[in-house]
Every structure is written in structure tokens, then in C-alpha cells.
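**Student:** Given the structure of chain E, go ahead and fit chain S onto it with the hints provided.
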Amino acid sequence: MFKVLSWHIKDNIGFLQLNNPPSNQMGSKFFEEFYWWRTEIVEKADIKAVIIYGNGRHFSSGAVIDDLIGIISRSYRQSNDIKKVSEFLNINSHVFYSLKELKIPVIAAVNGVCLGSAFELALCADYIICGEKAVLGLPETTFGLMPGCTGTLTLTKLTSKANAIEIILSGNTFNPEKALEYKLINKIVPSKKLLEIAVKTANSLSKSFCKELKLV
Amino acid sequence: MDKSKISFWERKGDIGIISLSNGKENYLIEPEFIDLADLKKWTNDDQLKGIIIKGSGRNFSAGASLNDLIRIAENENILSEKISAGKEILDFIEDLNIPVVASINGVCFGGGLEIALACHIRIASPSALFAFPENNLGLIPGLGGIYRLIQLLGHRDIYDLILSADMVNADYAKQIGLIDHISESKDSFVEALNKIMSLTHDRSPELIHYVMTAIHNAKKLNQSEALKIETELFCRLAIKVKKNQ
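First to last, the protein sequences are chains E and S. Going by my numbering, 73 is the number at position 36 of the first sequence; the sequence numbering is gapless. Going by my numbering, 373 is the number at position 243 of the second sequence; the sequence numbering is gapless.
Same shape as in the complex, but just chain E (with noise of 0.2 Å):
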């Protein structure tokens, strides 16, 4: 079934573990996988609440650049057609933000590093969770790309729009602290307890939580 995630429910809580140590980077496969999981395996499930981690010391360290380039050049020499290599990529985008229209409250509990695509995939989760030495960021336009699945919507609807330019342009990463003052965040936890305070919220959470409580 799954190769990089790896997905398991307790107590009515589902637990998607980004599974692709040491850094649970995602390349095509992850996207594959995360598309089957969210559109075939979490709405039937009988589940009260999602929490999504990494395994290990990181959440993520976000898409292999160098695939996707790799991914999105060929089918552009082929095509010619800008429009319809993104089609084909606008899909992630759909699925990550997809997250907001579950019943249930989605929950990424974040420790190390959660960089890039990873980022996006946290700031599409209802609450965010945060050990307190995670390193987050967009550092997209260090390489001359920018933020291509979600970031640029969800950041600017989380923060001021100040700040969006500034964290996006910048490419720089940041600590927690930062991350809560941008209100990107909702929560700063000792990294041991995490996921134990991750559950501890999607049990509060889910007491009454009604979708019209998303933010979209």
C-alpha cells in the first residue's frame, strides 16, 4: 500500500505519518500517495480527528526540487503548452487545500524541519502544532522558484500581506516565536510531547468542531 506515508487510527484519531526518513522528503511519489490517501482512505474512515507528523526528528523538508523541475520540464517539451503542465500540477495544490473542506479537524503536529511544499501542506492543516526547535519557512525563491502549492494563498490569508512578501521574497526560515507573532501558528510544545499534546487537541478540537470553523 503505502511506501512513504504511513497511515494507522486509535481511539478514533487518524495518524498520516509522512514516512521517508531521514528528512521525509516528497518527491512524486508522496504526492501520489498523499492523493490516494486523501481520496480514497480518510473520508471513510471512521475518524474523529487527523493528526499529520513526520517520522523522526522532522516533519519535512518539503518537495525534491530537482524532480519536480525534472517532472515539469519534460512535459513542458513535449506539450509546449504552460497551461496544461500545470493542470497536471494544480492538483496537489487542489488536494493540500482540499484538507479544509474534511469534517474533521486536521491537525500538523510540526517538529524540525517543515520547509517548503512541507509548509504548505502544515498551513492547509486546521491547527498547527509546533515543538519548540522546529525550523519553518518558504525557502523557494532562494532558488529561483517560489511557492507552487498553496503558500502563496494560505500565507497571505494567515498574515498580513507584509509579511507574506517578506517571508516568501526573503526565502528565509524561522523559529516558532516568529511563526506565532505572524499567527501562522497556534501553538509552541516541548518537542518530547508533541504528539501527545497533538492528540490531547484533536480530542478538544473535535468535541465541537463544525466545518463552517475552517478558514478557506
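Source of the hints: derived by calculation from the structure; they are not laboratory data. Treat the numbers as computed from the prediction; the structure is a model and nothing was measured. Beta carbons: idealized from backbone N, C-alpha and C, even for Gly. The reader is advised that the hints may include incorrect statements.
Pulled from the structure, derived: some chain S residues nowhere near chain E, Cβ distances all over 12 Å [stated by the list, open to error]: (1) LEU209; (2) HIS285; (3) PHE319.
Here are the simulated lysine to aspartate or glutamate pairs, EDC-like style, with alpha carbons at most 20 Å apart [claimed, not checked]: (4) E:LYS121 - S:GLU355; (5) S:LYS370 - E:ASP118; (6) S:LYS304 - E:GLU214; (7) E:LYS120 - S:GLU336; (8) S:LYS133 - S:GLU162; (9) E:LYS137 - S:GLU355; (10) E:LYS224 - E:ASP163; (11) S:LYS372 - E:ASP118; (12) S:LYS372 - E:ASP103; (13) E:LYS194 - S:ASP176.
**Tutor:** Showing chain S alone in chain E's frame:
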């Protein structure tokens, strides 16, 4: 250096600098503090990566002077035309696809504050002062300032600023989110320039345009449309990166 109405234009490398210049307080004689055609001409430049708007001397701008306002208001049609033209200028600035930083020293009142609010990032000196004195004259901010303020602060903090015409200092302005940074030095310009340089100097004009477009779209378009364009811009950059490898 070029001049248009009360504004001067100057290039510092890839950055354009607009200085409001009219006496000590840089009063806006009319809402058109710059001629839109000139502004369009100056900014129609593929190599331009950012803009700073500042006041000449010690103040940003004290806004409209009462005398000028009364003079313009004598003819209702002219007043409404001038306000529309002023709005159009500020909308143009806000929609620019390069970052625009307001460097604010001293007073930043009324129309001056409305100009600052149309900028993307606001950096103020520690002694800067902000107010909408309009209500003292039985007026409200007329150049889109109320709308921008609600977008920026939500409804909670705007009543004091607009209805009671309270004057606030830089610390309070930072606290409520009216400004983004307070400079360490007395003159905010150095930090405004550093900020815009640090955001743009290693980035291509194209990349800057794409990022700004995507961020503007997040406020303007529905999510599906915004995401579609974001992915497309990303793909364009990816193809370019691959070519340069």
C-alpha cells in the same frame, strides 16, 4: 531627478524612490499628489524591483491642509473628481507587482496615512505619529483608507483611529499592526532601503513580479483561480531554472 506635482522620483539602482515634497509638513495640496501618467511612466520598467515612498525632510506627510481642502471643496464636482483621481493613484500603487515600502518619519496624517496604507510594507521611525484628523473636521478618510484599514486591522482597532481622530505613536501603531517595523535609527529611510534591498537584490524582476502577483491574487481571486495561477507561475519559473542549469 524627475518631478510630478509634489512628488520627486529618483532611481537608486533597481529601486525607485518617491519623495513627497511640499514645505515642512509635505502637505498634499490635492489628492493627486503625483500625476498618474508620470507614475505609470516611471514604473513601466522591467528592471525596477521595488519602490520606497518617503517624505522630504523630517515628516512623511501631514495630509491635506484645511485651506486647500476648503478651496477644492467649493466645487462639489471638482472635489469628487479629485478624490476619484487620488483613489486611482493609490489603487495603482497597491496593485504594483513590485514591493512598495513606506518609509515614515515624523507626522503621517490623513491623506499621508492613506498613502502609507496603500504601500505593502510600512517602516516608521520611533518618533513617527499617525492619525486620521478628518473627523475633527467632520470628515472621514476618503481615498480608500477606511477599507484598507479594515483589511489590515480588522474592525476592532479602527474606531479609535477614525472616529475619535486619536493620534497614535509608532509603538502603538506597531502593536495594532498599522505599521510593520520600527527603525532603530531616527531616520527610517536607511532601514527601508536595507529591507527592500534584502528582499530583492538576489531575485530576478520576473520572480518578484510572480510572487507579488500571487500574493495580490490571494486577496482578489477565489481560491481555485488563485491556486491555478500560482501553479502556473511556479511552472514558468521551474522551466527557467531547468534551462539555466
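**Student:** So, for every hint listed, does it hold in this structure?
**Tutor:** Tested hints:
The Cβ of LEU209 of chain S lies farther than 12 Å from every Cβ of chain E, with a closest approach of about 30 Å, so its non-interface assignment holds. With a least CB separation of 16 Å from chain E, HIS285 of chain S remains clear of the 12 Å interface cut-off, as annotated. Consistency note on PHE319 of chain S: stated as away from chain E, and its beta-carbon is indeed over 12 Å from all of that chain's, at 17 Å minimum. For the hint pairing LYS121 of chain E with GLU355 of chain S, the CA-to-CA distance comes to about 15 Å; that is within 20 Å, so the pair holds.
Note on LYS370 of chain S and ASP118 of chain E: the hinted pairing holds, with a Cα-Cα distance of about 14 Å set against a maximum of 20 Å. For the suggested pair LYS304 of chain S and GLU214 of chain E, the alpha carbons sit about 17 Å apart, so the restraint of at most 20 Å is met. A threshold of 20 Å between alpha carbons decides the hint, and for LYS120 of chain E with GLU336 of chain S the separation of about 18 Å falls inside it, so the pair holds. Distance restraint check for LYS133 of chain S and GLU162 of chain S: the Cα-Cα separation of roughly 13 Å lies within the 20 Å cut-off, and the hinted pair is therefore satisfied.
Restraint check for LYS137 of chain E and GLU355 of chain S: satisfied, since their Cα atoms lie roughly 16 Å apart, inside the 20 Å limit. Distance restraint check for LYS224 of chain E and ASP163 of chain E: the Cα-Cα separation of roughly 12 Å lies within the 20 Å cut-off, and the hinted pair is therefore satisfied. A threshold of 20 Å between alpha carbons decides the hint, and for LYS372 of chain S with ASP118 of chain E the separation of about 16 Å falls inside it, so the pair holds. Note on LYS372 of chain S and ASP103 of chain E: the hinted pairing holds, with a Cα-Cα distance of about 9 Å set against a maximum of 20 Å.
A hinted pair counts as satisfied when its Cα atoms are at most 20 Å apart, and LYS194 of chain E with ASP176 of chain S does not qualify at roughly 28 Å.
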